[in-house]
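A.B. asks: Sequence:
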Amino acid sequence: MKWLPALILAALFLPRTLEAQDTETTQSPGHASIKGLHRITLSIGHSHIRKGLRHDETYGVSAASWALDYDYWLTDHWAVGVHSDLLLENFLVEEHIGNKDEETSIMERNYPISVIPVILYKPWEHLALVAGVGEEFSKEENLLVYRGGLELGWHLPHHWELGATFNYDVKKDAYDTWMVGFGVSRFLGGHHAHHEAVHM
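Here the sequence shown is numbered in my numbering, starting from 1 and rising by one per residue.
Since the hints were made in silico from the structure, they are not lab data. Remember, it's a predicted structure, so these values are computed and weren't measured experimentally. For every residue, glycine included, the Cβ atom is placed at its ideal position computed from N, Cα and C. Just to be clear, a hint being listed does not mean it is correct.
Said to hold, decoys possible - List of simulated lysine-lysine pairs, DSSO-like, C-alpha gap at most 30 Å:
# : residue 1 : residue 2
1 : LYS122    : LYS35
2 : LYS172    : LYS139
3 : LYS172    : LYS122
Unchecked claim - Just the calculated beta-carbon pair ranges, DEER-fashion:
# : residue 1 : residue 2 : range
4 : ILE44     : LEU129    : 13 to 23 Å
5 : VAL170    : GLU140    : 10 to 20 Å
6 : TYR59     : GLY189    : 42 to 52 Å
Based on the provided sequences and hints, a complete structural model is requested.
C.D. replies: See below:
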């Protein structure tokens, strides 16, 4: 996984170049910093695999999925994390081979699990952008995954958060998946004494 060191370096050093921006941001009354907080999220979702196969014909496979995510907020706008999800389905997909799109083979996926290091950027109070590169693991074959996504979050008392996610995953030379999920998050560490006032 040659991409992993570069991703980690970008996650660590890019936010620091923007930390001055965070310190200059004027927070409105009732809002506190989330810098230094850990966030654990459990979500249930619906995933759609566009290139799923049935009886050797392309169709869309729909599957339930679970996600477990960890994020650490380096600043009020930037976070790094590891996002993982499990598709609760066995299915077949077309896999492209060689350099020509018409060359394909059939690949089986049995309850694949994705583990993806990510970077999050929060431009507004309730919205975060997500990007990362990781792997999807299945007993047949592991695949490189590129992820882009959006998160919406609403803070609750006692360090809890309700959220919705939309992720689009591209499995290199294989297939793509989009997922809509809803989950609950728990904030830990850092500034618990002040966090209940965040985004209420």
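A.B. asks: All the hints need checking, so say for each whether the structure fits it.
C.D. replies: Checked hints:
no., hint, result
1, LYS122 - LYS35, "holds, 12 Å"
2, LYS172 - LYS139, "holds, 17 Å"
3, LYS172 - LYS122, "holds, 27 Å"
4, ILE44 - LEU129: 13 to 23 Å, "holds, 22 Å"
5, VAL170 - GLU140: 10 to 20 Å, "holds, 19 Å"
6, TYR59 - GLY189: 42 to 52 Å, "holds, 46 Å"
Going through the hint list in order, the structure satisfies each hint without exception.
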